[in-house]
Structure formats: structure tokens, C-alpha cells
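K.L.:
Sequence:
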Amino acid sequence: MSEARDVVAVILEDHRTMEELLRRMRSVEADRETALSEFAALLIAHGEAEEAEVYPALKRFANVDNEEVEHGEEEHHEGNEALLALMEVEEVGSDEWDEKLEELVSAVTHHLDEEERTILNGARESVPDQRRTELGAVFLRDRAKHLKADCGSIENVRAVVREQ
Numbered sequence: 001m002s003e004a005r006d007v008v009a010v011i012l013e014d015h016r017t018m019e020e021l022l023r024r025m026r027s028v029e030a031d032r033e034t035a036l037s038e039f040a041a042l043l044i045a046h047g048e049a050e051e052a053e054v055y056p057a058l059k060r061f062a063n064v065d066n067e068e069v070e071h072g073e074e075e076h077h078e079g080n081e082a083l084l085a086l087m088e089v090e091e092v093g094s095d096e097w098d099e100k101l102e103e104l105v106s107a108v109t110h111h112l113d114e115e116e117r118t119i120l121n122g123a124r125e126s127v128p129d130q131r132r133t134e135l136g137a138v139f140l141r142d143r144a145k146h147l148k149a150d151c152g153s154i155e156n157v158r159a160v161v162r163e164q
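So the sequence shown is numbered by full-length UniProt numbering: it starts at 1 and just counts up by one.
Some clues are possibly wrong.
[What the hints assert, rightly or not] Restraint-style ranges between C-beta atoms, simulated for each label pair: (1) 19 <-> 77: 16 to 24 angstroms; (2) 155 <-> 66: 29 to 37 angstroms; (3) 98 <-> 17: 16 to 24 angstroms; (4) 28 <-> 109: 14 to 22 angstroms; (5) 159 <-> 27: 27 to 35 angstroms; (6) 52 <-> 98: 12 to 20 angstroms.
Since the hints were made in silico from the structure, they are not lab data. We put the CB at the ideal spot given by N, CA and C, even for glycine.
Make a model of the complete structure from these sequences and hints.
P.N.:
Shown next, in the form of C-alpha cells:
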């Protein structure tokens, strides 16, 4: 059984990991392909778990802005589309790859910033500690299910983008 974790803290940890993976993808000294693979899996698993488990629960609380939650879902879609565009570039490090990477960086960092300022701060203010801990467990379980199912494969990313 996993330890009890606040959903806000877990989401923030994922955000910091995503930022680090984006930095690695930008670095010519890093294994950019491996960083992309890790990033794809985390982005898809994270977004799917948020939309299935966290966002619907947060909409029930007064200080969590429902429009911001819905906007967060739209930004997930934009990030997934940018991810797919990067994954479809054949040569890592090419001009096209760098261009698509910057589009991904822009979409994801914008979303992370906005989600942290609006949705997650609202959750801190409105959602009781116990409920945030319950949501943390559900989020981690759902995210792990997606990761185990190879959610970051290009085939799955295509499927996720198609169903949006």
C-alpha cells in the first residue's frame, strides 16, 4: 500500500519532473530520445489521471473555478497534440524537431503555470486535507495504470489525440 500523499503535492512533483525532462530534451548533451519517451509517458498518464479522477472531484468545491478546470482539460489536449507532433518528427535534434519541441515546451509550461496558480491553489484553499489525500491515492493509482499500459507509445498518443 502506498503512503498517503496530498494530490496537490503529487501533481506538483509531476510538474517538476516534466520541466526537468523538457530541459533534457533541449540539451544536446542528454539522451533526448529517452527523455522524450519518459516525458510522453508521464504527460499522458498525468493528464488522463487528472481528467478522470481529480478534475471532476475538484469541480465540487467552491473556490475551485470550474471554468479553469475545463480550460485545464483544453490545455491537456493542446499539450498532447504538441507532443504527438514532436514524436512524429523522424530526426531527433533536427531543426524541425527543435521547432516542435519549443511548441511543446510552450504549451506545457503555460499549462503548468496556469494550473498551479488557479486550480491547485483553489484546491489548497477549499478541499479538506483528508479529501486531498484520498484524491492523491486515486490519482497515483490511475496514473500507474496508464504507465503500466505503455501510455506514452506513439500509437497510444495518437489514440488519445484522436479521442479529444
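K.L.:
Each hint: holds or not?
P.N.:
Hints, one by one, checked against the model:
1. Residue 19 and residue 77 have their C-beta atoms about 20 angstroms apart, which keeps the hinted 16 to 24 angstroms range intact.
2. About 33 angstroms separates the C-beta atoms of residue 155 and residue 66, a value consistent with the hinted range of 29 to 37 angstroms.
3. Checked against the hint of 16 to 24 angstroms, the pair residue 98 and residue 17 passes, with Cβ atoms roughly 22 angstroms apart.
4. For the pair residue 28 and residue 109, the beta carbons lie near 20 angstroms from each other, so the given range of 14 to 22 angstroms is met.
5. Between residue 159 and residue 27 the C-beta distance comes to about 30 angstroms, which sits within the given range of 27 to 35 angstroms.
6. With their beta carbons about 33 angstroms apart, residue 52 and residue 98 fall outside the hinted range of 12 to 20 angstroms.
In summary, the structure is inconsistent with hint 6 from the numbered list given earlier, while agreeing with all the others.
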